[in-house]
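*Asks:* Please work from the sequences and hints to get the whole structure.
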Amino acid sequence: GDAIVDLVYALGARYRANGTFVMNSKTAGAVRKLKDSNGRFLWSDGLAAGEPSRLMGYGVVIAEDMPDIAADSMSIAFGDFNTGYTIAERPDTRILRDPFSAKPNVLFYATKRVGGDVSDFAAIKLLKFGTS
213 GDAIVDLVYA LGARYRANGT FVMNSKTAGA VRKLKDSNGR FLWSDGLAAG
263 EPSRLMGYGV VIAEDMPDIA ADSMSIAFGD FNTGYTIAER PDTRILRDPF
313 SAKPNVLFYA TKRVGGDVSD FAAIKLLKFG TS
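Under the working numbering, the residue at position 31 of the sequence shown is numbered 243, and the numbers go up by one with no gaps.
Just so you know, the hints here were simulated from the structure itself, not pulled from any lab data. Some clues are possibly wrong.
[As the list claims (entries may be wrong)] Straight-line C-alpha distance at most 27 Å; calculated DSS-like pairs for lysine-lysine:
1) Lys340 - Lys245
2) Lys340 - Lys247
3) Lys238 - Lys324
[Claimed, not checked] Label-pair restraints from in silico Cβ distances:
4) Arg244 - Thr295: 26 to 32 Å
5) Val273 - Glu301: 16 to 22 Å
6) Gly271 - Thr298: 18 to 24 Å
7) Arg226 - Lys247: 49 to 55 Å
Here the structure is a predicted model, which is why all the values come from computation and not from measurement. For each residue, glycine too, the CB sits at the ideal point set by N, CA and C.
*Replies:* So this is what it looks like as structure tokens:
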């Protein structure tokens with residue numbers, strides 16, 4: 213549990229106010245078992261229907277693309293992703309009409325370009341797990 217507390221406070225206060233944890237389901241299962249020094253779980257379920265679970269008072273997003281907990285893995289992210297991550301989306305959608313491949317039907321292929329990257333490294337922190 214101490215590592216998660218350290219992760220939260222490694223983030224600057226202006227980013228921490230909008231902080232969210234990101235991890236995969238397997239990692240979330242392990243984190244749900246962590247307790248503080250008084251024996252209370254760090255993770256709490258939402259009290260009302262539809263309210264998200266909380267870890268140390270912050271929301272949790274499950275992203276299956278995050279790595280499992282393993283030696284040298286960065287399996288938990290915490291940060292203000294609205295500030296720290298930028299999604300770039302091209303406004304045009306390209307459509308290709310293909311009347312030849314599936315006669316007598318006409319196929320249409322549509323493509324749209326979307327990308328994203330970290331834009332403020334101070335807004336997102338990762339928890340690196342050790343080798344034990």
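*Asks:* Now look at each hint and say whether the structure bears it out.
*Replies:* Going through the hints against the structure:
For the suggested pair Lys340 and Lys245, the alpha carbons sit about 19 Å apart, so the restraint of at most 27 Å is met. For the proposed pair Lys340 and Lys247, the alpha carbon gap of about 19 Å is at most 27 Å, so the pair holds. Of the supplied pair hints, the one linking Lys238 and Lys324 is violated, its CA atoms being roughly 32 Å apart against a limit of 27 Å. For the pair Arg244 and Thr295, the beta carbons lie near 27 Å from each other, so the given range of 26 to 32 Å is met.
Between Val273 and Glu301 the Cβ separation comes to about 20 Å, which falls inside the hinted range of 16 to 22 Å. For Gly271 and Thr298, the Cβ-Cβ distance of about 20 Å falls inside the hinted range of 18 to 24 Å, so the restraint holds. Taking 49 to 55 Å as the suggested C-beta distance range, the pair Arg226 and Lys247 does not conform, at roughly 29 Å.
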